[in-house]
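K.L.:
Protein chains in written order, with numbering that gives the first Met the number 0: chain A, 0 to 132; chain B, 0 to 132.
Be aware that one or more of the hints could be misleading.
[Stated by the list, open to error] With a straight-line cut-off of 20 Å between C-alpha atoms, the simulated EDC-like cross-links for lysine to aspartate or glutamate are:
#  : chain 1 : residue 1 : chain 2 : residue 2
1  : B       : 121       : A       : 83
2  : A       : 61        : A       : 49
3  : A       : 124       : A       : 77
4  : B       : 121       : A       : 17
5  : B       : 61        : A       : 83
6  : B       : 76        : A       : 31
7  : A       : 121       : B       : 67
8  : B       : 121       : A       : 67
9  : B       : 76        : A       : 112
10 : A       : 76        : B       : 120
11 : B       : 61        : B       : 41
12 : A       : 121       : B       : 77
13 : B       : 76        : B       : 31
14 : A       : 76        : B       : 41
15 : A       : 76        : B       : 112
16 : A       : 48        : A       : 67
17 : B       : 48        : A       : 112
18 : A       : 121       : B       : 83
19 : A       : 124       : B       : 31
20 : B       : 48        : B       : 77
21 : B       : 124       : B       : 92
22 : B       : 48        : B       : 67
23 : A       : 76        : A       : 120
24 : B       : 124       : A       : 83
25 : A       : 48        : B       : 120
26 : A       : 61        : B       : 92
27 : A       : 61        : A       : 120
28 : B       : 61        : B       : 84
29 : B       : 76        : A       : 83
30 : A       : 76        : A       : 17
[Unchecked claim] Partial list, computed: chain A residues near chain B (C-beta under 7 Å):
#  : residue
31 : 8
32 : 9
33 : 14
34 : 37
35 : 74
36 : 75
37 : 76
38 : 78
39 : 80
40 : 101
Just so you know, these hints were derived from the structure itself, not from any lab. Keep in mind the model is a prediction, meaning the values are calculated, not measured. Ideal placement from N, C-alpha and C gives every residue a C-beta, glycine not left out.
Here is what each chain is made of, one letter per residue.
There are 2 protein chains.
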Amino acid sequence: MTETLAQSYLDEVRWNNDGLVPVIAQDHETNDVLMVAWMNTEALALTVKEQRAVYWSRSRQKLWRKGEESGHVQLIKDIRLDCDEDVIILKIEQLGGIACHTGRRSCFYRRLENNQWQIVEKVIKDPEHIYSK
Amino acid sequence: MTETLAQSYLDEVRWNNDGLVPVIAQDHETNDVLMVAWMNTEALALTVKEQRAVYWSRSRQKLWRKGEESGHVQLIKDIRLDCDEDVIILKIEQLGGIACHTGRRSCFYRRLENNQWQIVEKVIKDPEHIYSK
């Protein structure tokens with residue numbers, strides 16, 4: 000009974016045909032969008048339970064605790080759902096200040112200028128130093 | 000020749016199997032995420048050309064100039080692309096201060112509280128008054 004009630008928020012999400020929803024990770028202080036990833040029901044349930052972002056990796060087809068290799072864990076401050084129930088926002092504290100696998104703060108480091116995508120954010124840490132242990 | 004060069008930024012976007020990418024509309028001043036919609040190549044090209052948000056409506060299967068009925072046009076301030084080239088952010092000025100079809104400022108008006116989605120943003124304008132003319 001408790002289990003059923005506890006899971007109801009998962010049922011209100013409109014998962015796509017692959018059982019996924021896109022998730023926007025947003026800095027809880029600056030509101031900057033840091034990255035977009037995907038979740039299945041298990042990832043969302045674990046995110047809520049552990050209060051850290053857990054995504055579904057489409058390329059690796061497995062759960063992915065953000066920061067499990069890099070240490071760049073995302074601590075949950077707030078979780079939002081949109082009017083169509085098919086997109087989620089996580090407001091997070093980004094440990095290490097780096098969300099992108101390129102070593103940048105945000106994945107959205109390219110800006111359209113004169114019909115060209117220009118890199119406008121610097122690399123904070125070389126990815127080789129992020130992922131090598 | 001000019002045409003080819005001008006279109007190259009469109010080719011760098013990784014459109015999904017339906018020829019679409021998700022697009023985050025973000026208030027250019029507060030950084031609040033107001034909504035998420037979809038674009039095809041034509042929608043992005045028109046957005047850049049007209050400097051207002053033009054989306055692809057998946058439900059209606061046609062181009063959708065945001066605000067064409069409601070007047071809630073989104074003026075473009077900045078366009079960003081992420082590291083995987085499969086998500087776009089528009090930083091916009093939201094005319095009318097309402098992005099959501101429910102008459103709220105943002106589509107992300109539900110917050111997860113005690114395992115329930117709670118509405119935490121008020122309706123600014125009754126949708127009946129937004130869409131009736």
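K.L.:
Would you mind marking each hint as holding or not holding in the structure?
P.N.:
Consistency of the hints with the structure:
1. B:121 / A:83: holds, 17 Å
2. A:61 / A:49: Judged against 20 Å, a Cα distance of about 17 Å means the pair holds.
3. A:124 / A:77: Violated - the C-alpha atoms of residue 77 of chain A and residue 124 of chain A are around 27 Å apart, more than 20 Å.
4. B:121 / A:17: violated, 33 Å
5. B:61 / A:83: holds, 18 Å
6. B:76 / A:31: Holds - the C-alpha atoms of residue 31 of chain A and residue 76 of chain B are around 15 Å apart, at most 20 Å.
7. A:121 / B:67: It is violated: about 38 Å lies between the C-alpha atoms, which goes past 20 Å.
8. B:121 / A:67: violated, 38 Å
9. B:76 / A:112: holds, 11 Å
10. A:76 / B:120: Cα-Cα ~17 Å, so holds.
11. B:61 / B:41: Distance of about 11 Å is within 20 Å: holds.
12. A:121 / B:77: Holds, at about 18 Å.
13. B:76 / B:31: holds, 14 Å
14. A:76 / B:41: At roughly 37 Å apart (the allowed maximum being 20 Å), residue 41 of chain B and residue 76 of chain A break the hint.
15. A:76 / B:112: The given pair, whose Cα atoms are some 11 Å apart, holds under the 20 Å limit.
16. A:48 / A:67: Holds - the C-alpha atoms of residue 67 of chain A and residue 48 of chain A are around 16 Å apart, at most 20 Å.
17. B:48 / A:112: holds, 13 Å
18. A:121 / B:83: holds, 17 Å
19. A:124 / B:31: Distance ~27 Å between residue 124 of chain A and residue 31 of chain B Cα, so the pair is violated.
20. B:48 / B:77: holds, 13 Å
21. B:124 / B:92: Measuring from Cα to Cα gives roughly 18 Å; hence the hint holds.
22. B:48 / B:67: holds, 16 Å
23. A:76 / A:120: violated, 25 Å
24. B:124 / A:83: Judged against 20 Å, a Cα distance of about 18 Å means the pair holds.
25. A:48 / B:120: Violated, because 25 Å separates the two Cα atoms, which is more than 20 Å.
26. A:61 / B:92: Given pair residue 61 of chain A, residue 92 of chain B is violated - Cα atoms ~38 Å apart, limit 20 Å.
27. A:61 / A:120: violated, 30 Å
28. B:61 / B:84: violated, 23 Å
29. B:76 / A:83: violated, 26 Å
30. A:76 / A:17: violated, 27 Å
31. 8: Holds. Min distance 5 Å.
32. 9: At about 9 Å, which exceeds the 7 Å cut-off, the nearest Cβ of chain B leaves the hint on residue 9 of chain A violated.
33. 14: violated, 15 Å
34. 37: violated, 11 Å
35. 74: Cβ of residue 74 of chain A sits 15 Å from chain B, so the hint is violated.
36. 75: violated, 9 Å
37. 76: violated, 11 Å
38. 78: holds, 4 Å
39. 80: Cβ of residue 80 of chain A sits 4 Å from chain B, so the hint holds.
40. 101: holds, 6 Å
Hint check: violations occur at hints 3, 4, 7, 8, 14, 19, 23, 25, 26, 27, 28, 29, 30, 32, 33, 34, 35, 36, 37; the rest are consistent with the structure.
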